[in-house]
Amino acid sequence: MQTQDSELSQSEPSHYEPSPKEHVRRQVEEYESSGGTRGTTMRGLPVVVLTMRGARSGRLRKVPLMRVEHDGVYCAVASEGGAPRHPHWYHNLLAHPDVRVQDGPRVVDCRARLVHGEERAVWWQRAVAAFGDYADYAERTEREIPLFVLEPVG
Numbered sequence: 011m012q013t014q015d016s017e018l019s020q021s022e023p024s025h026y027e028p029s030p031k032e033h034v035r036r037q038v039e040e041y042e043s044s045g046g047t048r049g050t051t052m053r054g055l056p057v058v059v060l061t062m063r064g065a066r067s068g069r070l071r072k073v074p075l076m077r078v079e080h081d082g083v084y085c086a087v088a089s090e091g092g093a094p095r096h097p098h099w100y101h102n103l104l105a106h107p108d109v110r111v112q113d114g115p116r117v118v119d120c121r122a123r124l125v126h127g128e129e130r131a132v133w134w135q136r137a138v139a140a141f142g143d144y145a146d147y148a149e150r151t152e153r154e155i156p157l158f159v160l161e162p163v164g
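Counted from 1, the sequence shown has number 39 at position 29 by the working numbering; the numbering is strictly sequential.
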């Protein structure tokens, strides 16, 4: 596990605040308690667990996201199933871009960066290839679905 230069490891003592959504809490708990060997899929496709700090509280938050990865770099797709608003974690990444990604047993400290333009277009294609429902979600909403590239640090 990489921990150098990470806001997650250098800040004041961390207090994890589980999601208010029961299915999210259960999946994160199963994923982490098994060392990344169980709870690693959603709808038959691979997921990662993203750990971040809350934008206002500073507490640790965790969410399973569809696995979108290319050459060791990950992408967090803020789709919220095509809802009209961004997911809560979108604001967390803007406020605190130092995050941790658990991909099965592998844990990587990363820095999140919102992408635009051509870079976003490339990552959008990768996201839709990994989870085809993203294309449907984009059709359901008037907002452009934000993409964060999660680049390893250290």
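Keep in mind the hints are simulated off the structure, nothing from the lab.
If you're wondering where the values come from, they're calculated on a predicted model, not measured in any experiment.
Incorrect hints may have been included.
[As the list claims (entries may be wrong)] Derived Cβ-Cβ restraints for the label pairs, each shown as a range:
1) Glu161 / Val34: 38 to 48 Å
2) Gly127 / Ser44: 19 to 29 Å
3) Glu149 / Gly68: 16 to 26 Å
4) Pro94 / Gly114: 28 to 38 Å
5) His98 / Glu154: 14 to 24 Å
6) Val83 / Ala145: 29 to 39 Å
7) Gln135 / His25: 35 to 45 Å
8) His33 / Gly127: 26 to 36 Å
9) Pro28 / Glu129: 27 to 37 Å
10) Ala93 / Arg123: 36 to 46 Å
11) Arg66 / Arg153: 14 to 24 Å
12) Asp81 / Arg53: 18 to 28 Å
13) Gly45 / Arg95: 14 to 24 Å
No residue lacks a Cβ here, since even glycine has one placed at the ideal position from N, Cα and C.
Hint-by-hint comparison with the structure:
no.: 1; hint: Glu161 / Val34: 38 to 48 Å; verdict: violated (25 Å)
no.: 2; hint: Gly127 / Ser44: 19 to 29 Å; verdict: violated (39 Å)
no.: 3; hint: Glu149 / Gly68: 16 to 26 Å; verdict: violated (36 Å)
no.: 4; hint: Pro94 / Gly114: 28 to 38 Å; verdict: holds (33 Å)
no.: 5; hint: His98 / Glu154: 14 to 24 Å; verdict: holds (18 Å)
no.: 6; hint: Val83 / Ala145: 29 to 39 Å; verdict: violated (21 Å)
no.: 7; hint: Gln135 / His25: 35 to 45 Å; verdict: holds (38 Å)
no.: 8; hint: His33 / Gly127: 26 to 36 Å; verdict: holds (34 Å)
no.: 9; hint: Pro28 / Glu129: 27 to 37 Å; verdict: holds (33 Å)
no.: 10; hint: Ala93 / Arg123: 36 to 46 Å; verdict: violated (23 Å)
no.: 11; hint: Arg66 / Arg153: 14 to 24 Å; verdict: holds (22 Å)
no.: 12; hint: Asp81 / Arg53: 18 to 28 Å; verdict: holds (25 Å)
no.: 13; hint: Gly45 / Arg95: 14 to 24 Å; verdict: violated (34 Å)
Checked against the numbered hints listed earlier, the structure breaks hints 1, 2, 3, 6, 10 and 13; every other hint is satisfied.
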